[in-house]
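full-length UniProt numbering puts the first residue of the sequence shown at 1, with every later residue one more than the last.
These are calculated hints, taken from the structure and not from any lab test.
As the structure is a computational prediction, the values presented were derived from the model and not from experiment.
Incorrect hints may appear among the rest.
[What the hints assert, rightly or not] Here are the simulated lysine-lysine pairs, DSBU-like style, with alpha carbons at most 30 Å apart:
id	residue 1	residue 2
1	Lys86	Lys61
2	Lys61	Lys78
3	Lys180	Lys51
4	Lys155	Lys74
5	Lys51	Lys86
6	Lys245	Lys180
7	Lys78	Lys180
8	Lys51	Lys78
9	Lys74	Lys51
10	Lys68	Lys180
11	Lys86	Lys68
12	Lys86	Lys155
[Unchecked claim] Restraint ranges, calculated between C-beta atoms of paired labels, are given here:
id	residue 1	residue 2	range
13	Val184	Ser247	16 to 22 Å
14	Asp125	Ser205	21 to 27 Å
15	Lys86	Leu63	35 to 41 Å
16	Glu55	Asn118	38 to 44 Å
17	Lys245	Arg119	29 to 35 Å
18	Glu88	Asp121	46 to 52 Å
19	Asp157	Thr108	16 to 22 Å
20	Glu88	Ile232	41 to 47 Å
21	Asp87	Asp220	47 to 53 Å
22	Phe117	Lys51	48 to 54 Å
23	Gln236	Pro123	17 to 23 Å
24	Gln81	Pro140	28 to 34 Å
Where a beta carbon is used, it is the ideal one built from N, C-alpha and C, also for glycine.
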Amino acid sequence: MATPTIFNSTLTSIHQRRRSFQIHCNYNEVSNLDYNRSLIPAIHHQKQQEKRRCEYYDLSKELVPYKKAWDWQKSILKQRQTLIEKDEEDLSDTLLILQHYPVYTLGTASSEEFLNFNRDDAPYDVYRTERGGEVTYHGPGQLVMYPVINLRYHKMDLHWYLRALEEVVIRVLSLAFSIKGSRVDGLTGSWVGNQKLAAVGIRVSRWISYHGLALNVTTDLTPFQYIVPCGIRDRQVGSIESVLKESVSSSEERGARDMFNYMLVN
Numbered sequence: 001m002a003t004p005t006i007f008n009s010t011l012t013s014i015h016q017r018r019r020s021f022q023i024h025c026n027y028n029e030v031s032n033l034d035y036n037r038s039l040i041p042a043i044h045h046q047k048q049q050e051k052r053r054c055e056y057y058d059l060s061k062e063l064v065p066y067k068k069a070w071d072w073q074k075s076i077l078k079q080r081q082t083l084i085e086k087d088e089e090d091l092s093d094t095l096l097i098l099q100h101y102p103v104y105t106l107g108t109a110s111s112e113e114f115l116n117f118n119r120d121d122a123p124y125d126v127y128r129t130e131r132g133g134e135v136t137y138h139g140p141g142q143l144v145m146y147p148v149i150n151l152r153y154h155k156m157d158l159h160w161y162l163r164a165l166e167e168v169v170i171r172v173l174s175l176a177f178s179i180k181g182s183r184v185d186g187l188t189g190s191w192v193g194n195q196k197l198a199a200v201g202i203r204v205s206r207w208i209s210y211h212g213l214a215l216n217v218t219t220d221l222t223p224f225q226y227i228v229p230c231g232i233r234d235r236q237v238g239s240i241e242s243v244l245k246e247s248v249s250s251s252e253e254r255g256a257r258d259m260f261n262y263m264l265v266n
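Please work from the sequences and hints to get the whole structure.
Right under this line is the structure:
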């Protein structure tokens with residue numbers, strides 16, 4: 001599968017999930033989200049929910065400087081907080097989808113011991129942000145999704161929200177590529193085996209969440225070698241492209257082995 005096809009297939013699947021996944025827009029389209037426990041809160045204000053909308057900015061084929069996207073999120077956050085202060089209805093959630101120029105970002109309490117370089121001589125720009133989590137890398141070929149969500153209208157539960165973000169990726173992997181994604185106990189993100197394909201890091205202020213998740217689609221994984229991604233030393237970072245290549249390689253290897261065994265027997 002060619003690289004552009006992988007990227008476009010991922011985008012198509014994300015667009016489809018955006019229409020049906022609760023955290024992005026509409027309560028009424030998500031009755032299938034209960035996996036072992038309900039992710040759907042009770043609807044106490046039906047009329048209010050019917051007014052809600054999703055402002056969706058698809059910059060997925062553009063490279064956006066990290067600082068610009070960060071400032072954009074904070075601007076949206078400020079607008080939403082102003083509505084709260086004025087006791088006005090906040091009727092919109094926002095979803096930004098984009099790519100970044102190469103950059104490293106650290107969370108609020110990230111340790112610089114997970115940088116395998118001197119920060120004064122970093123290979124790319126480094127930003128310390130207010131999100132949770134440790135250091136990660138963003139770059140071309142990685143889809144970054146920033147939902148700015150007022151959790152008051154969804155569920156005021158950060159664990160629920162993190163699991164919901166992970167579920168978006170797990171479903172995209174399954175629907176678009178028949179890849180079995182999963183979670184890892186005690187860790188955030190979406191995984192395929194021992195490889196982390198999507199990192200999740202959020203910040204919540206007055207129950208409005210921003211930052212979000214980053215999914216490696218066709219990302220060059222080399223820059224991850226200069227950090228300890230998410231502070232996890234005993235696991236790997238992967239991409240959709242690398243997983244698909246491994247799957248093809250394994251299939252070819254099994255086929256060659258079966259042929260060799262057949263020749264031995266016959």
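Hints, one by one, checked against the model:
{"no.": "1", "hint": "Lys86 with Lys61", "in the structure": "violated (37 Å)"}
{"no.": "2", "hint": "Lys61 with Lys78", "in the structure": "holds (27 Å)"}
{"no.": "3", "hint": "Lys180 with Lys51", "in the structure": "violated (36 Å)"}
{"no.": "4", "hint": "Lys155 with Lys74", "in the structure": "holds (21 Å)"}
{"no.": "5", "hint": "Lys51 with Lys86", "in the structure": "holds (19 Å)"}
{"no.": "6", "hint": "Lys245 with Lys180", "in the structure": "holds (15 Å)"}
{"no.": "7", "hint": "Lys78 with Lys180", "in the structure": "violated (38 Å)"}
{"no.": "8", "hint": "Lys51 with Lys78", "in the structure": "holds (21 Å)"}
{"no.": "9", "hint": "Lys74 with Lys51", "in the structure": "holds (24 Å)"}
{"no.": "10", "hint": "Lys68 with Lys180", "in the structure": "violated (34 Å)"}
{"no.": "11", "hint": "Lys86 with Lys68", "in the structure": "holds (27 Å)"}
{"no.": "12", "hint": "Lys86 with Lys155", "in the structure": "holds (22 Å)"}
{"no.": "13", "hint": "Val184 with Ser247: 16 to 22 Å", "in the structure": "holds (20 Å)"}
{"no.": "14", "hint": "Asp125 with Ser205: 21 to 27 Å", "in the structure": "holds (24 Å)"}
{"no.": "15", "hint": "Lys86 with Leu63: 35 to 41 Å", "in the structure": "holds (36 Å)"}
{"no.": "16", "hint": "Glu55 with Asn118: 38 to 44 Å", "in the structure": "holds (41 Å)"}
{"no.": "17", "hint": "Lys245 with Arg119: 29 to 35 Å", "in the structure": "holds (33 Å)"}
{"no.": "18", "hint": "Glu88 with Asp121: 46 to 52 Å", "in the structure": "holds (48 Å)"}
{"no.": "19", "hint": "Asp157 with Thr108: 16 to 22 Å", "in the structure": "holds (20 Å)"}
{"no.": "20", "hint": "Glu88 with Ile232: 41 to 47 Å", "in the structure": "holds (42 Å)"}
{"no.": "21", "hint": "Asp87 with Asp220: 47 to 53 Å", "in the structure": "holds (48 Å)"}
{"no.": "22", "hint": "Phe117 with Lys51: 48 to 54 Å", "in the structure": "holds (49 Å)"}
{"no.": "23", "hint": "Gln236 with Pro123: 17 to 23 Å", "in the structure": "holds (20 Å)"}
{"no.": "24", "hint": "Gln81 with Pro140: 28 to 34 Å", "in the structure": "holds (33 Å)"}
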